Amino acid sequence: MANDATYETYYVPHDSKLPIFASMGIFLTVFGLGHWLNDMTAGAESSVGTWIFAAGGLVLGGTLFAWFSSVIEENHAKLYSQQMNRSFVWAMSWFIFSEVMFFSAFFGGLFYIRMFVVPWLAGEGNRGPSDMLWPDYVPSWPMLNTPDPERFPGAHEAMGAWGLPLWNTLILITSSFTVTFAHKALEKNNRQGLIMWLAVTVALGVVFLFLQAYEYHHAYTEMGLTLNAGIYGTTFFMLTGFHGAHVTIGTFMLFIMLLRSIKGHFKHDDCFGFEATAWYWHFVDVVWIALFVFVYILGS
Amino acid sequence: MSAVIEEHHHDDHHHGPAKGIMRWVLTTNHKDIGTLYLWFSFAMFLLGGTFALVIRAELFQPGLQIVHPEFFNQMTTMHGLVMVFGAVMPAFVGLANWLIPMQIGAPDMALPRMNNYSFWILPFAFGMLALTLFSEAGAPNFGWTFYAPLSTEYAPPSVTYFIFAVHLMGISSIMGSINVIVTILNMRTPGMTLMQMPLFVWTWLITAYLLIAVMPVLAGVVTMMLMDIHFGTAFFSAGGGGDPVLFQHVFWFFGHPEVYIMILPAFGVVSAIIPTFARKKLFGYASMVYASASIAFLSFIVWAHHMFTVGMPLSGELYFMYATMLIAVPTGVKVFNWVATMWQGAMTFETPMLFAIAFVILFTIGGFSGLMLAIAPADFQYHDTYFVVAHFHYVLVPGSVFSIMAAVYYWIPKWTGNMYDETLGKTHFWLSFVGINITFFPQHFIGLAGMPRRIPDYALQFADYNMISSIGAFIFGFSQLLFLFIVIKTIRGGKPATAQVWDGAHGLEWTVPSPAPYHTFTTPEGVNLKEAHG
Amino acid sequence: MDKAKRSRWLVALSLLLSSSALYADWTVNMRKGVTEISEKVYDLHMIIFGVCVVIGILVFGAMIVSMLMHRKSLGVEPATFHENHKLEFIWTIIPIVILLVMAVPATQTLNAMYDAGNAEIDIEVRGYQWKWQYTYLNDDPTQEVKFMSSLLTPQDEIYNKAAKREHYLLDVDNELVIPVDTRVRFLVTAEDVIHSWWVPDFAIKRDAIPGFVHEAWTVAKKTGIYRGQCAELCGKDHGFMPVVVRVVEKDEYNTWLAEKQAEAAAVYEIVGKEWTQDELMAEGEAVYNRVCAACHQANGQGLPPAFPSLVGSPLITGPIEGHLDIVLNGKAGTAMQAFGAQLNAAEIAAVVTYERNAWGNNRGDSIQPREVNEMMAGQ
Ligand code: HEA
Ligand code: HEA
Ligand code: CUA
Ligand SMILES: [Cu+2]
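Residue numbers (the numbering used here), protein chains in the order written: chain A, 50 to 349; chain B, 25 to 558; chain C, -2 to 376.
Honestly, the hints are just simulated from the structure, not real lab data.
The model shown is predicted, which means the values in this text are computed figures rather than measured ones.
Incorrect hints may appear among the rest.
[Stated by the list, open to error] Below, in silico cross-link-like pairs of lysine-lysine (DSS-like), each with a Cα-Cα straight-line distance of 30 Å or less: (1) C:K69 / B:K513; (2) B:K450 / B:K305; (3) C:K143 / C:K247; (4) C:K328 / C:K158; (5) A:K66 / B:K43; (6) A:K316 / A:K233; (7) A:K127 / A:K66; (8) C:K143 / C:K328; (9) A:K127 / B:K43; (10) C:K233 / C:K158; (11) A:K312 / A:K66; (12) C:K233 / C:K143; (13) C:K143 / C:K219; (14) A:K312 / A:K237; (15) C:K219 / C:K29; (16) C:K143 / C:K218; (17) C:K69 / B:K450; (18) B:K519 / C:K69; (19) B:K305 / C:K69; (20) C:K83 / B:K305; (21) C:K143 / C:K270.
[As the list claims (entries may be wrong)] Selected chain A positions facing chain C (in silico; Cβ < 7 Å): (22) G174; (23) R176; (24) N277.
Virtual Cβ for every residue (Gly too), placed ideally from N, Cα, C.
Throw the hints in and build the complete structure from the sequences for me.
And the structure:
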């Protein structure tokens, strides 16, 4: 690669206001959120944190919008070379890798709890004497009865895998295909196809999110399965919740790509934004499959 | 693949920086951003050092004289956090920004705006963290390792800001690392293969990989804390089926690679300096690369050596002991290679070389104590005593920090165009060298004698060495003001530096004039690879 | 004014000197300790230390020779070698071999440490912020000996108002007592945050983790008093929760234990029985005058603002839980201590009942020791 002697231009943007606004935005967002959470936990009725958070979110959102717009503009102005695009490709791949590691922390936690902690609490292994602290605890997974039911009430039942979650699995897998169809259409310069398949993908994403929201509602109201239900609820909601957040972002990104396609952006050899979104979407899909296996199937 | 810089958005066709403070706020130039990182890091070093001096002042004598235990804990915590995340890591990112593009013949970092974003997040993150010192219940007080449940159920409310500050630092580091990796992989000058890159570039490539792999895990663990604190989850509560030890596993999965993140770029710096002043090519370039990669690989699989006393199963204990011991092998290779580079060279001892040699010796001493800690049964006696404190300061202060100072002396003529004052530089070195050893060597003794770490007051048999250690800390600390003076003096003037600066220096950065022009290597034709490997 | 300043300096100086004088049992190395394990650990420590010293001498020696002889000022020409695969191979292999050899005794020691079976005595060690609780486990609950062990050093010594005595910060009110030459198993856990129970002379350091129990064991070979400290940051007073173990002859241990068991049985009986209001009031008055009156005064009026009056206090006239809570757990940052660790359940119940009904508080309610116990267990 490095020996390829084609000389290309490498665009170095000049002074930019974007990063400093993005920094302020992200700072206000987390500062406000922190304030808000502290007030919430302290039992306050309302909190200025909410407003700081909202303001920060607006600044950050606005800046990112401007940022991406200028990137798109620069691209249209033909400032980017193939080499630039390779930079973007690498950057997006490593970003996705960092996301993988973020999820690994939570999956790792789940495995550790299931393989080690549950038996320990039940009196096995080298931390087995721990059961003297929890004489009434009966081990099980999903952990419906916790060692300390007063603080962590546990759930009435576990989330099954073969109802709604199966549907969601099918939806996400399908959407991975549809986004690929969209890509194929783009490669053939078939704009109609691109737009249609993208729209289908976005729709599938939205449906997934609706079903997920319904599932959460059901869990909270009917099953006693909450964040506070003990480690089963904890891992269930944290893993599926972070995944859901990523689906939300992914769907939003796809939606932007849809709008851009309608506006006539992207060419078969110039569609990095679209491709990056598609990779992200595949990544979200793969995480779901891991979730489906480890949280739903093996978890119930 | 190469690059021709393209200017845009830009009415006057003069390629210099903008004027005034906005130059620094808006800049996308890797050299400017490097400078920002370095100054930020130095400010944090003074801040974290001031916290350390509060600690050492309180520990000057037994009894409580200056601060209350509660505040002492805040000092310990903030000292660790500020030094690790605020001083050492940003300093290396600053060096990376300045040097990597110049060393590989690239016009700039791959993603210049994101580069600026990575930097400007940091002042906000540390501002938020430092301000918690003034909050009602005080700053984080649970150690830089913030073990749950002390950092969750029993933490002051400032922990929430701490968590978000860590998130911000993580975002900054991840973006910074992505930039480094992409720059190295995609923007080398035509003809430069991976195995021709200077070792500083290599070690940073590996470091950046480590960062991208573990910073998200740190983000994960603080997120778990956030949920436990505010949303009633049970990650770290046995009552809900969680486990406080889970925290430690996840934390150290980040934490151990983190310590190598703080030393690998230092290896790179030293591997640049020693050959220059020995006037001899680096011994064993290839094995240096492989050793760095092995260290990085091993760093992922040894984390629980920080947890020998938490009650892991025997098999776990054994495994982590063996794996940890293995790290001595590639690290040894590096040490031996440096010695072999010096061997039969024609050495001179300018300030950067002095710091580099001190690095090799004192880091090795720190490595030896690390190896002792790795022996699990013995760690039952060492763990959480000042022996550990002595260990990690030997690898961090005369290790990472000395390497950063060496780098500054080594490259500052290139950055400013002026030579620093050699006499002052050597004075700074000797004061630091003596100060650091007075500070941390006695800590081995008090640790072995049984003094726990993180305590504001101690039993009488530890008194004498603590006093010595505190005196050393003040000597070392105040010597750093001399460093500040030297740097400012060099920026403002001095003997003009030649392009090559040091007669034994090789590498692309030495082919451009001193001070390095605002934009370097804007065309690949400007790059003379031969010179780089002379 | 000036004089006061000078005398402060004098005190400081004398404290300084006295601290050096007390440095008699100073050491710069790890303790050998008094158990087989601690001796093994010591040996391991010395071996690995020796290995490092030898390698250090070789490496630093080579550097020093090079720095002295291969300097430009001596007019040497630099050599040009920059690789030697054989050499590099050798210095990769030699450390590996050294480490392999080192791993053998380390593994053996670790194995021995982890073998916690066959103990004659089981003691639960429980870390609290910031004290230790020891329970001599016994199947018969009436015989269960259980007590708190907390720092004895007075605040005045810590704040330099009084000279520091021997065992400064390493002294406790109630030592853990175990017999010599006997296998004792410790079941280490914690109530609140993570602590770590460390006795250097036994080479035991076990993290005390809330919700989990970890084993450790020892056979002390010599009688004596062995001191250690909490070894995991556990909050404000982490530096002030020493561990003190007294190893005694077996007979002495048995006598001691019998005495403690008798006490325990007596308390058990007292706590277990149903108390009448009058009994509670009588006992309560006694406890109050003995323990509480120093601050809150015999008439309950206290010495405001430092020590609040208990007469008509909202906490006392309010629900009993709040009242009980402050007596059991104290109030952080004030002189009001956590008496749950100092008084037994009967005394607590009595004093609370007394406070609710004395000095015109006349709440008319009472609490049984049994209920206090339940509340303490439930926390
Ligand atoms: C730059 C940072 C850095 C570096 C490089 C290291 C390097 C090493 N560290 Fe260290 N360590 C820390 C920073 C670092 N550490 C920190 C910050 C902590 C404390 C965290 C906290 O609790 O707050 C810590 C704690 C720590 C512990 C936990 C102690 C405890 O809490 O009980 C252990 C245990 O195994 C350990 C081991 C090692 C080992 C084996 C190495 C090895 O990499 C060292 C290898 C090097 C050599 C061995 C020397 C050179 C080699 C030769 C000359 C070859 C021949 C030698 C032999 C065969 C002996 N470290
Ligand atoms: C890279 C990291 C790094 C660095 C550089 C240092 C530097 C120093 N450290 Fe640090 N230290 C840690 C990382 C580091 N430390 C970590 C991770 C911990 C563990 C924390 C924990 O337990 O959680 C720790 C803990 C720690 C302890 C143990 C505290 C305890 O257990 O309670 C001590 C005690 O002596 C100490 C001392 C020092 C000293 C004297 C220095 C000196 O090198 C500092 C030099 C001093 C200065 C540089 C000051 C200069 C300033 C001035 C002269 C004033 C000028 C002022 C203005 C201009 C405003 N450190
Ligand atoms: Cu208990 Cu530290
Ligand atoms: Cu480590």
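Here's how the hints hold up against the structure:
1. C:K69 / B:K513: holds, 29 Å
2. B:K450 / B:K305: holds, 25 Å
3. C:K143 / C:K247: Roughly 19 Å separates the two Cα atoms, so the pair holds.
4. C:K328 / C:K158: holds, 25 Å
5. A:K66 / B:K43: holds, 15 Å
6. A:K316 / A:K233: Holds, at about 12 Å.
7. A:K127 / A:K66: holds, 22 Å
8. C:K143 / C:K328: holds, 24 Å
9. A:K127 / B:K43: This hinted pair holds, its Cα atoms lying about 29 Å apart.
10. C:K233 / C:K158: holds, 21 Å
11. A:K312 / A:K66: Given that 30 Å is the threshold and the Cα spacing comes to 27 Å, the pair holds.
12. C:K233 / C:K143: The given pair, whose Cα atoms are some 25 Å apart, holds under the 30 Å limit.
13. C:K143 / C:K219: holds, 24 Å
14. A:K312 / A:K237: holds, 18 Å
15. C:K219 / C:K29: holds, 12 Å
16. C:K143 / C:K218: holds, 25 Å
17. C:K69 / B:K450: With Cα atoms ~18 Å apart, C:K69 and B:K450 stay inside 30 Å; holds.
18. B:K519 / C:K69: Cα-Cα ~23 Å, so holds.
19. B:K305 / C:K69: The given pair, whose Cα atoms are some 15 Å apart, holds under the 30 Å limit.
20. C:K83 / B:K305: holds, 18 Å
21. C:K143 / C:K270: Holds, at roughly 19 Å.
22. G174: violated, 11 Å
23. R176: holds, 5 Å
24. N277: violated, 17 Å
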